[in-house]
Amino acid sequence: MKRLALLLTLFLVGFSNEDTVHIYDLNEDWLELGNYFEEYDVIVLAESTHNSRDMTTLHAELALYLNEHHNFSTIAFEQSKDYWTFINHYKDSHSVEDVITNIINPNMLSINPLLPELLETETMHVTGMNWLSNSTGRLTNTTFEESFIADDIEQYIDAADFKRAEYRMRNFTYDLLTKNTMDFALANETLDIYNTIINSDYFDSLSPESKAYIRERVNVLEGPMHEDFVEDLDISSDSEDYYARRGKGMLENIEELVADDEKIIVYVHNMHASKSLSPINYVDDFRQDELTYSLGHFLEASDLNVLTVATIFNEASSEYEAFQGDESNDYGRKQDKRSVEYLLGEFKKDQFFVPLNSLDWADEKLLMYDFGHEEWPVEFIPNDHFDAFIYMDYIEK
Numbered sequence: 000m001k002r003l004a005l006l007l008t009l010f011l012v013g014f015s016n017e018d019t020v021h022i023y024d025l026n027e028d029w030l031e032l033g034n035y036f037e038e039y040d041v042i043v044l045a046e047s048t049h050n051s052r053d054m055t056t057l058h059a060e061l062a063l064y065l066n067e068h069h070n071f072s073t074i075a076f077e078q079s080k081d082y083w084t085f086i087n088h089y090k091d092s093h094s095v096e097d098v099i100t101n102i103i104n105p106n107m108l109s110i111n112p113l114l115p116e117l118l119e120t121e122t123m124h125v126t127g128m129n130w131l132s133n134s135t136g137r138l139t140n141t142t143f144e145e146s147f148i149a150d151d152i153e154q155y156i157d158a159a160d161f162k163r164a165e166y167r168m169r170n171f172t173y174d175l176l177t178k179n180t181m182d183f184a185l186a187n188e189t190l191d192i193y194n195t196i197i198n199s200d201y202f203d204s205l206s207p208e209s210k211a212y213i214r215e216r217v218n219v220l221e222g223p224m225h226e227d228f229v230e231d232l233d234i235s236s237d238s239e240d241y242y243a244r245r246g247k248g249m250l251e252n253i254e255e256l257v258a259d260d261e262k263i264i265v266y267v268h269n270m271h272a273s274k275s276l277s278p279i280n281y282v283d284d285f286r287q288d289e290l291t292y293s294l295g296h297f298l299e300a301s302d303l304n305v306l307t308v309a310t311i312f313n314e315a316s317s318e319y320e321a322f323q324g325d326e327s328n329d330y331g332r333k334q335d336k337r338s339v340e341y342l343l344g345e346f347k348k349d350q351f352f353v354p355l356n357s358l359d360w361a362d363e364k365l366l367m368y369d370f371g372h373e374e375w376p377v378e379f380i381p382n383d384h385f386d387a388f389i390y391m392d393y394i395e396k
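Numbering of the sequence shown is given in numbering that gives the first Met the number 0, commencing with residue 0 and proceeding in unit increments.
Calculated from the structure, these hints are not laboratory results.
Hints are not guaranteed to be accurate.
[Said to hold, decoys possible] Derived lysine-lysine pairs resembling DSSO-like cross-links, with alpha carbons at most 30 Å apart:
(1) 210 x 162
(2) 336 x 364
(3) 396 x 336
(4) 262 x 210
(5) 364 x 347
(6) 90 x 162
(7) 90 x 210
(8) 90 x 262
(9) 162 x 178
(10) 336 x 262
(11) 347 x 336
(12) 364 x 348
(13) 348 x 336
(14) 396 x 348
Taking the hints into account, I'd like the entire structure generated from these sequences.
Structure (structure tokens):
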């Protein structure tokens, strides 16, 4: 009977149109879409890939529109809060051009060409809500902000301890990303280094950038990088522990922004945005579902007024495939009639926003090639993971 219902749903979708499904064409329906978004305090614009210029540009255009017309005052990237805290203090006394030239990775700018406009917009606060550090573990690969702060400290004392702490922070992130665990005892020793700097006689004489960055390092080590951070959760594996730390830590940073009366737009990967109200099944049975405690799970359980939007695409160019460097994934047009990409592609629109509560099939178990994991496709119930889709029929870059 359930199979019959699904087949009937797929049949009806072929005849659906915007009169029966609430579709907002992203080439023309901005006014209506802005009014839809206005009732929320947090808009999660999730993405299936961090590497598409087309997808990032669409999100930036939407953010600029919501800022101008609907009082959304903050964009929070899935990047380190301490990094963006440094940038924002640096920007207080430097130009956006200086920020772009000295701090921003050129690859990030190529993916997000509207970033300078976002930074130039006086009513827009650009920040990060992630807490992981730069993941490289090489002592010589220091960032601009690390060199800046080390030079600041060396006006008063040798900065060797600070440099050692920064090296450890990069290694902690590398270990979490590759092993899903880290040396918590060493993290406590590293916390002592930063606290020693904060309690020193010279700390108040450091630049605003340096002081803010070091305080954020302390917040991370006392929070997500502390061994007991997720002790109240039922954790069964290192990978689940890692995603719980990611999710809970990002939630706390988002809650802090909302507490400052900011309406915010969050950029994050689809897998972190998932509410995880039901399992995600990997069709190839290659890996387990580790997202029980995703950011989306914590947002769903919070008191925040949140709209979670997953951005997906159907087909991508050979240029995008080459940039990804992974020929094993399917970037061609999706033909499986049980896939979300195929069903949304039947509306024959270039790019659009659609709430899941207007789709008859959103409570069915379907395939999605574009959830974001490299082991595609996955089988899941769309309504249990997201509130809406942004669908892009084709991405070139």
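Hints, verified against the model:
no. : hint      : verdict
1   : 210 x 162 : holds (15 Å)
2   : 336 x 364 : holds (12 Å)
3   : 396 x 336 : holds (26 Å)
4   : 262 x 210 : holds (26 Å)
5   : 364 x 347 : holds (23 Å)
6   : 90 x 162  : holds (23 Å)
7   : 90 x 210  : holds (15 Å)
8   : 90 x 262  : holds (22 Å)
9   : 162 x 178 : holds (24 Å)
10  : 336 x 262 : violated (38 Å)
11  : 347 x 336 : holds (15 Å)
12  : 364 x 348 : holds (24 Å)
13  : 348 x 336 : holds (17 Å)
14  : 396 x 348 : holds (19 Å)
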